[in-house]
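Visitor: Each chain, letter by letter, is given below.
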Amino acid sequence: MTAHGATARRRVRNRALWFWTFVGPFAVGLGLFTYVPLLWSVALSFFDAHNTVTPTDFVGLDNYTALLSDDAFVDSLRTFLVFTAFIVPTTYVFSLALALMVNRVRRARAFFRSVFFLPAACSYVVAALIWKMSLFNGVRFGLANTVLGWFGGDPVAWLSGTDPPWYWLVIVTVRLWLQTGFYMILFLAGLQRIDPGLYEAAAVDGARPGRQVLWHITLPQLRATSVAVVLLLVINAFQAFDEFYNLLSDTRGYPPYARPPLVYLYYLALGQGQNLGLGSAGAVILSLVVVVVTVGQARWFGLGGREE
Amino acid sequence: MEDAVVRVGRALRLVLLVVLALLFLVPFYLLVRNGLSSERDVTAPEWAFFPSELRWANVQELFDDPSVPFARSLLNSALIAVATTAGTLLLASLAGYGLARVPYRHANKVFYAVLGTLVVPAAVTFVPSFVLVSSLGWISTYRGLIVPTLFPAFACFVFRQYFLGFPTELEDAAQVDGLGYWRTYWLIVVPNARPVFAAVGTIVFIGAWNSFLWPLVIGQDRDAWTVQVALSSFTTSQVVRVHELFVAAAVSILPLLAVFLCFQRWLVAGVERSGID
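Chains A and B are the protein sequences, given in the same order.
The working numbering numbers the first residue of the first sequence as 98 and each following residue consecutively.
The working numbering numbers the first residue of the second sequence as 564 and each following residue consecutively.
This is chain A alone, in the form it adopts within the complex (with noise of 0.2 Å):
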């Protein structure tokens, strides 16, 4: 009875071993590399740390309260509620429409899809560079505005006006142009899961196809598809820094316009005054804004809690 107790508590321990030399590395890595930061930049943040990350300055909420009483910060936010006011809708549209259509077609199926998903090969900094120094470059020969005059409509300044704001144009088809093929990839996945029963059982009852079956089968069939890409449109949204930065800054800085919250947070941590605390607190901040978003969107379509 103690030889076998003795064994069953080895073999436990054994496994115990097994496990951490399997996980332990990642789970090391994760952990320095993603929760120091993290509780570090919480301490930082109280803290008048400017070009130090040792500072000795305690200065209680004062970072918090400056970055809340910013224009700037508080202009940030509102930069990112437009950008995915523009941008989750129109990429939703658009990569359902491509997946439900390229579902469809029976030649050269293959094609369509490389060609749509292609994009997701090409970097935002390069792709910010075609649309910056070509497609909408803002001069007379530029692509854009030649097509514009073929219709007999003037030149536009796309990136450099405000008035219209033109630059929420360049910003989003970047954008729309590559990820649309992504998460037309999702869709198409998701349509493959579709049981082509339904359909026919639909047919049988004498429902029309188009709009009809796209109603009431094929959007309720995607649901799950659906949570996952608005949830990940947003999520990438907030994130936005790549084409924001290549698009608008030049050798004079960057406009004080059009300016989500990781450019805002560059500039504050990383610029001229190297203020690390100031800069912490808005990543704790961030960090706090992006887990009510998620949190809250998941909790708003029904998600998270038991199931899997």
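No wet-lab data here; the hints were simulated from the structure.
Glycine included, every Cβ here is placed at the ideal spot set by N, Cα and C.
Treat the hints loosely; a few may be bogus.
Claimed, not checked - Partial pick of chain B residues on the chain A-facing surface, computed with a CB cut under 8 Å:
(1) Glu-609
(2) Ser-630
(3) Val-631
(4) Pro-632
(5) Leu-657
(6) Gly-661
(7) Thr-680
(8) Tyr-705
(9) Leu-713
(10) Leu-794
(11) Ala-812
(12) Val-814
(13) Leu-820
(14) Val-831
Following the hints, put chain B in place on chain A, whose structure we already have.
Guide: Structure of chain B alone, referenced to chain A:
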């Protein structure tokens, strides 16, 4: 009648798809057009769909230009992307297997700790990560550019889910043969899990090659620039001539187009796994 309507609808859909596909290819066309133009053609006052000559010499001139550290940045990106992919696959697959298969009392707590980091994306915490890396003295080093990115929770999660769905018979047989967890993993599991390695590897490679914010923050010296940082600094400072900028951008996406075309199947599988599961 009905048939004709269906046929017209199908033709319209095909036409629409062809038009959209052409629109999607316009940016790639601009990349090549501008990259292979002479300086005069690129800045010509009238738009021309095709340059008067295709200047392949632009590629040579780009690599010969001593004021532009382009070759070095390509090398940096290649090293970083390969090391990040290899490291992530090794660490995340081991962790995923341990979480899926080795029974341990606290396995669930560890799993939730990993999952928790999915909620706060790494980009949002770049300031604290910068603080950590700079106090380690890793600014402008390969270590600083690579090591902190080796632990994406999504990769571990995808591996765990995959191994959970793996039939246990093979592993049970291996255990009976006295192989133990470690050798079972390397001799039985890894050779049979190539699809998930290919899927996660393709996603991680593309992400590492295209990553911008982290290399911008960490790779501050010119010698530590990745290709994205180099391109960005050319774009925003406008010191480089336009056709040179475009040929550089075109060269920078060639490796990815190769990866994309060779691994597209796995990339699609990877997107499906990481997007939905």
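Visitor: Work down the list of hints and note, for each, if the structure agrees.
Guide: Verification of the hints:
1. Glu-609: Glu-609(B) check passes; min Cβ-Cβ to chain A is 6 Å, inside 8 Å.
2. Ser-630: violated (16 Å)
3. Val-631: violated (14 Å)
4. Pro-632: Status violated, d = 16 Å.
5. Leu-657: holds (5 Å)
6. Gly-661: holds (3 Å)
7. Thr-680: Cβ of Thr-680(B) sits 5 Å from chain A, so the hint holds.
8. Tyr-705: This hint is violated: Tyr-705(B) lies away from chain A, its Cβ roughly 15 Å from the closest one there, beyond 8 Å.
9. Leu-713: Check passed: Cβ of Leu-713(B) comes within 6 Å of chain A, closer than 8 Å.
10. Leu-794: Check passed: Cβ of Leu-794(B) comes within 5 Å of chain A, closer than 8 Å.
11. Ala-812: Holds - the Cβ of Ala-812(B) comes within 8 Å of chain A, reaching about 5 Å at its closest.
12. Val-814: Violated. Min distance 10 Å.
13. Leu-820: Since chain A brings a Cβ to about 6 Å from Leu-820(B), closer than 8 Å, the hint holds.
14. Val-831: holds (6 Å)
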